[in-house]
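Asker: Same order as they appear, the protein sequences are chains A and B.
The first sequence begins at 1 in this note's numbering and counts up by one.
The second sequence begins at 1 in this note's numbering and counts up by one.
These are calculated hints, taken from the structure and not from any lab test.
Possibly wrong hints are sitting among the right ones.
[What the hints assert, rightly or not] So, partial list: chain B residues that the calculated Cβ filter (under 8 Å) puts toward chain A: (1) A179; (2) T186; (3) D196; (4) M218; (5) I225; (6) L392; (7) I398; (8) L399; (9) L431; (10) P446; (11) R450; (12) M456; (13) W488.
Just so it is clear, CB atoms sit at the ideal spot from N, CA and C, and this is done for glycine as well.
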Amino acid sequence: MRVGTISISVFFVLFSLVGYFYIIPAHIVTSIPIDASTPAVLHPDFFPRYTVVVLGLVSLVLLFSAIKDTSPEIPEPDRASARFRVGVVFVLTYLFIVGLKYFGFTLVAPLYMSVIIFFLGVRDWRYIISMALIFPVALSYSFWYSFSVIFPEGEIFLK
Amino acid sequence: MIDQILEGISIALTWQAISMVAVGIFAGITVGAIPGLSGVMATAVLVPFSFFMAPTMGIPFLLGIHKGSLFGGSIPAILINTPGTPPAAATCLDGYPLAQKGEAKSAIQMSLYSSTLGDTFSDLALILAAIPIAALALKFGPTEFFGLLVMGLTVISSVTGTSVPKGVISALLGLLIGAVGLDAITGAERFTFGFDTLQGGIGLVPLLIGLFAISEVMIQVEKKISILSQKPATANLKGGRSLTMGEFKKSRRTILRSAIIGTIVGAIPGTGASIATFIGYGAAKRASKNPEEFGHGSYEGVAAAESANSAVAGADLIPTLTLGIPGGGTAAILMGAFIAQGLRPGPSLFEENGPTMYAIFTLLLIGNPIMLLQGWLLTPFFASIVTIRQALLIPCIILFCVVGSYIFHNNLGDVELALVSGAFGYVLRKLNFPLAPLVIAYIITPMAERSFKQAMLLSDGDYSVFFTKPISLFFIILAAIILVLSVWKQPKVSAE
Numbered sequence: 001m002r003v004g005t006i007s008i009s010v011f012f013v014l015f016s017l018v019g020y021f022y023i024i025p026a027h028i029v030t031s032i033p034i035d036a037s038t039p040a041v042l043h044p045d046f047f048p049r050y051t052v053v054v055l056g057l058v059s060l061v062l063l064f065s066a067i068k069d070t071s072p073e074i075p076e077p078d079r080a081s082a083r084f085r086v087g088v089v090f091v092l093t094y095l096f097i098v099g100l101k102y103f104g105f106t107l108v109a110p111l112y113m114s115v116i117i118f119f120l121g122v123r124d125w126r127y128i129i130s131m132a133l134i135f136p137v138a139l140s141y142s143f144w145y146s147f148s149v150i151f152p153e154g155e156i157f158l159k
Numbered sequence: 001m002i003d004q005i006l007e008g009i010s011i012a013l014t015w016q017a018i019s020m021v022a023v024g025i026f027a028g029i030t031v032g033a034i035p036g037l038s039g040v041m042a043t044a045v046l047v048p049f050s051f052f053m054a055p056t057m058g059i060p061f062l063l064g065i066h067k068g069s070l071f072g073g074s075i076p077a078i079l080i081n082t083p084g085t086p087p088a089a090a091t092c093l094d095g096y097p098l099a100q101k102g103e104a105k106s107a108i109q110m111s112l113y114s115s116t117l118g119d120t121f122s123d124l125a126l127i128l129a130a131i132p133i134a135a136l137a138l139k140f141g142p143t144e145f146f147g148l149l150v151m152g153l154t155v156i157s158s159v160t161g162t163s164v165p166k167g168v169i170s171a172l173l174g175l176l177i178g179a180v181g182l183d184a185i186t187g188a189e190r191f192t193f194g195f196d197t198l199q200g201g202i203g204l205v206p207l208l209i210g211l212f213a214i215s216e217v218m219i220q221v222e223k224k225i226s227i228l229s230q231k232p233a234t235a236n237l238k239g240g241r242s243l244t245m246g247e248f249k250k251s252r253r254t255i256l257r258s259a260i261i262g263t264i265v266g267a268i269p270g271t272g273a274s275i276a277t278f279i280g281y282g283a284a285k286r287a288s289k290n291p292e293e294f295g296h297g298s299y300e301g302v303a304a305a306e307s308a309n310s311a312v313a314g315a316d317l318i319p320t321l322t323l324g325i326p327g328g329g330t331a332a333i334l335m336g337a338f339i340a341q342g343l344r345p346g347p348s349l350f351e352e353n354g355p356t357m358y359a360i361f362t363l364l365l366i367g368n369p370i371m372l373l374q375g376w377l378l379t380p381f382f383a384s385i386v387t388i389r390q391a392l393l394i395p396c397i398i399l400f401c402v403v404g405s406y407i408f409h410n411n412l413g414d415v416e417l418a419l420v421s422g423a424f425g426y427v428l429r430k431l432n433f434p435l436a437p438l439v440i441a442y443i444i445t446p447m448a449e450r451s452f453k454q455a456m457l458l459s460d461g462d463y464s465v466f467f468t469k470p471i472s473l474f475f476i477i478l479a480a481i482i483l484v485l486s487v488w489k490q491p492k493v494s495a496e
């Protein structure tokens, strides 16, 4: 936790600097010249600029308090494999979203569900197949029937 | 006003509206009964569905989820010693020992009665307090309102979580995310990076689903494969006895005390049901004639915890609806749902939408006997859900998240945004950053900025206006005191 807190504090300090000196000047686009704004009519970068300054200062406080913290780290058991599972599920979900665009919900959702259920340790194919088929079809049908919402049909099939 | 109340009641008393509350409560108890899935997550995932309904159906549906999940969380706490939701943690202390003695059924019944009574008490407090507070807040000008928002955000950042700097950083990130899009006064583009879709800002629905639902699913995925793929062992409901009137009567005072504690704690922004439940439990133990029974299977213990955590359901809407400051994660999501439905929480909510609000209040009250009925009739079903394999559930929830993010604008970009928010939320949660301040800050950013700019216009750019007006000065001093006290107390709390 301590190493994580130090890392994220450093990240936020750097983010504040980049935000203040690059992102805010470059990505707040206004037609009002900066010298034309008065204290009564605030420039659109007023709030973000102050927020970023305070973010940098509070991140420094967090950084110093994390460095000063000498309490022992509580080891997390099975951390590497847990992170691996999370990473795989994220990647599979991203691929699922990309797949939705090209192949549509009806084709990709059952495949995605069966892969995830298998990956999370279920080996009984009766459960895998029934869940992977019934749930997406029921979801798709109920949305179409109740709210007239059609899930992505896939660009490949629309051409 | 009487006309508006009667109109509200007539809107509420339709079978569609009542059945939506019932569906919401059923969904809430179901989600609450599944260990690891919280009411906040369920509310976030199901928010987009409420947009397809009228406000008088969609909002009570979400409120039903909130109510139901607080009771539902007690079922796995009693049966498998695992709280279904964080606020049910104290229920494990006495609920599970009762289940081990073969009294699971009566323990769940005690939980049901105390949850319903606590919730009803808190709903009545909301109804009685909301209109006077809103009327008082209507007298606030932009200067006072900005002071109030600063105070609210400071309280939430300082009280939520274990570290004040982390709470404040979370709120600041929320302010930055809330600044994305077109500036309300000048129309300038802020942080759109050339993407037209960002001109309207970061979407509320993908952000909520990502932060509260996807990140939570990923936390569940971290569990060992053996835990995810196997059915948990559970205590048996069958053959258990029902709660006797004597046992219930012995806990009446405890239920009332916890309801009062839950309502007061719930009305303070940033606190929430988890804190209320332990305060209620501690107070019940101190006041009990048999404190030695606490922790070994005391019905009073179950009643104290459940009444207190359910009493937060109505109370955390008091600052949300009257001042526009959400009290916690669920309240922030509900506020987002109100805004998406065209109802802007804040002092003018009751003036502009009187009948709709009275209809929602009526449905809140109707929801309590519905929860009691569902609890009576469907407890065996909810108990069976406790043992569902999480490996089967996780992909279903992700699919719900994907669908929920997609249907709002029929846009896959929103689904990608939800996934990115989920990854961001996961990292923040792993590092113990509270998410509620981020979402609350994101939601109140436009209001805060508008109030600040209006105050500047009215004072001709004089910043001292926030310190010369007494109400605004009071809020700012209060915010400073809360911040200083939180920082000062923090090392002691962490040590404990």
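Asker: Now, for every hint given, state plainly whether the structure supports it.
Answerer: Results of checking the hints against the structure:
1. A179: At about 5 Å, which falls below the 8 Å cut-off, the nearest Cβ of chain A leaves the hint on A179(B) intact, so it holds.
2. T186: The hint holds - T186(B) has a Cβ within 8 Å of chain A, the shortest such distance being about 5 Å.
3. D196: Where the cut-off is 8 Å and the nearest Cβ of chain A is about 13 Å from D196(B), the hint is violated.
4. M218: OK, holds: M218(B) within 8 Å of chain A, min 5 Å.
5. I225: Holds - the Cβ of I225(B) comes within 8 Å of chain A, reaching about 4 Å at its closest.
6. L392: Interface hint status for L392(B): holds (6 Å vs cutoff 8 Å).
7. I398: This interface hint holds because 6 Å falls under the 8 Å limit.
8. L399: holds, 6 Å
9. L431: L431(B) check passes; min Cβ-Cβ to chain A is 5 Å, inside 8 Å.
10. P446: Constraint on P446(B) not satisfied, violated at 10 Å.
11. R450: Hint violated; R450(B) Cβ to chain A Cβ min 11 Å, cut 8 Å.
12. M456: holds, 5 Å
13. W488: violated, 14 Å
In the structure shown, a violation is registered for the earlier hints numbered 3, 10, 11 and 13, in ascending order.
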